[in-house]
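Those letters in the sequence shown? Residues 2 to 289, per my numbering, in order.
The hints are simulated quantities; they were obtained by calculation from the structure and are not laboratory data. Source: prediction; values computed, not measured. Do not rely on the hints blindly, as some may be mistaken.
[Claimed, not checked] Pair ranges (Cβ atoms, derived): (1) T57 to A24: 42 to 50 Å; (2) T57 to V117: 24 to 32 Å; (3) L72 to P116: 44 to 52 Å; (4) H51 to H22: 22 to 30 Å; (5) Q8 to G143: 52 to 60 Å; (6) E172 to Q8: 49 to 57 Å; (7) R261 to L31: 39 to 47 Å; (8) S255 to H51: 34 to 42 Å; (9) I268 to L174: 37 to 45 Å; (10) S258 to S59: 53 to 61 Å; (11) D208 to I266: 34 to 42 Å; (12) G118 to E172: 16 to 24 Å; (13) G118 to E69: 25 to 33 Å.
We put the CB at the ideal spot given by N, CA and C, even for glycine.
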Amino acid sequence: MPSDVPQTLQDWLRRATQRLHEAGSDSPRLDAQILLGHVLTRPRSYLYAHGEDLLTESEWQQAEALLEQRLTGHPIAHLLGRREFWSRELEVSPDTLIPRPETEITLELALEQIPVGADRALLDLGTGSGALALMLALERPGCRVTAIDISSAALAVARRNRERLGVDNLELLEGDWFTPVAGRRFQLIVSNPPYVAERDPHLDAGDVRFEPRRALAAGAAGLDALEQLIMQAPEHLEPGGWLVLEHGFDQADSVASLLREKGFIDIQCRHDLAGQPRATAARHPGSG
């Protein structure tokens, strides 16, 4: 380790925080703490209590390598290979979306439609890391959950998450939306589909630019996937079944209109912590 490189934990954190701040990080100190804690396999509280401890050369090299990647914009979740969702740790990769807090709103809305102890067939479309499907399977262990993704790489991540969490009531299938479940019906269908407009500048900024584009963007207004799911869902819902969709904060009215046009009733929307509409549920009265 070069002699002019900070050797204590607190010195490394101070220097890394400054570099991240200069690079435009929204949370430079937290980022630095998470990276160093990952290298040391210690919680952030350890860093406070042991700030005078010296880094070994190997630890310094590992921390510097992660820092350099973070400085170029790579998401913390990708650098660590994991992200917490619904109080459980999930593996993530560049082949999957990074589970976000707003998707927990979608999960809550879906769970509200499934009584505890129920035995029902549930479907998650575009499962990615398996976040929604896995939590549905764990929170409603009497239900049979099927999850679909078009990406084999994403499904490999979902399978590892399923194995690590010990989930045995989740079926994972590869394919495009409803194709792998032709002829099957479910009591609830949930999805966090692509809903960003193709030309949205946010797609080339921040963490998002390192995530799979096809899992994010869907047409000029970002509504293509949502409209497709709403149009096809009745063919796969049992009478009285629920469709739960995550969407952009500015798409709630469009989603509700599409649902009404297709005959859905009992339409309800949930807002995120910022007060923005984030997920909508609707019930289909007939068999499609």
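task: Starting from the range 37 to 45 Å, see whether the pair I268 and L174 falls in it by beta-carbon distance.
output: violated (28 Å)
task: Given the range 34 to 42 Å, decide if the beta-carbon distance of S255 to H51 lies inside it.
output: violated (52 Å)
message: Taking 34 to 42 Å as the stated bounds, is the beta-carbon spacing between D208 and I266 within them?
response: holds (37 Å)
- request: Evaluate the given range 39 to 47 Å for the C-beta pair formed by R261 and L31.
  value: At 43 Å between Cβs, range holds.
- prompt: Quick one: are Q8 and G143 within 52 to 60 Å, going by C-beta?
  reply: holds (55 Å)
- prompt: Is the gap between the beta carbons of T57 and A24 within 42 to 50 Å?
  reply: violated (26 Å)
CB-CB spacing for E172 and G118 relative to the 16 to 24 Å hint: Distance hint for G118, E172 holds at roughly 21 Å.
message: Between the beta carbons of E172 and Q8, is the distance compatible with 49 to 57 Å?
response: holds (51 Å)
message: Does the beta carbon distance between L72 and P116 stay inside 44 to 52 Å, or does it fall outside?
response: holds (49 Å)
query: Is it true that the C-beta distance of S258 to S59 lies inside 53 to 61 Å, as the hint says?
result: Since S258 and S59 have Cβ atoms about 58 Å apart, the given range 53 to 61 Å holds.
task: Starting from the hint 22 to 30 Å, judge whether the C-beta atoms of H51 and H22 obey it.
output: With a Cβ separation near 23 Å, H51 and H22 satisfy 22 to 30 Å, so the hint holds.
- prompt: Is the gap between the beta carbons of G118 and E69 within 25 to 33 Å?
  reply: violated (50 Å)
Hint compliance for this structure: hints 1, 2, 8, 9, 13 are not met, and every other hint is.
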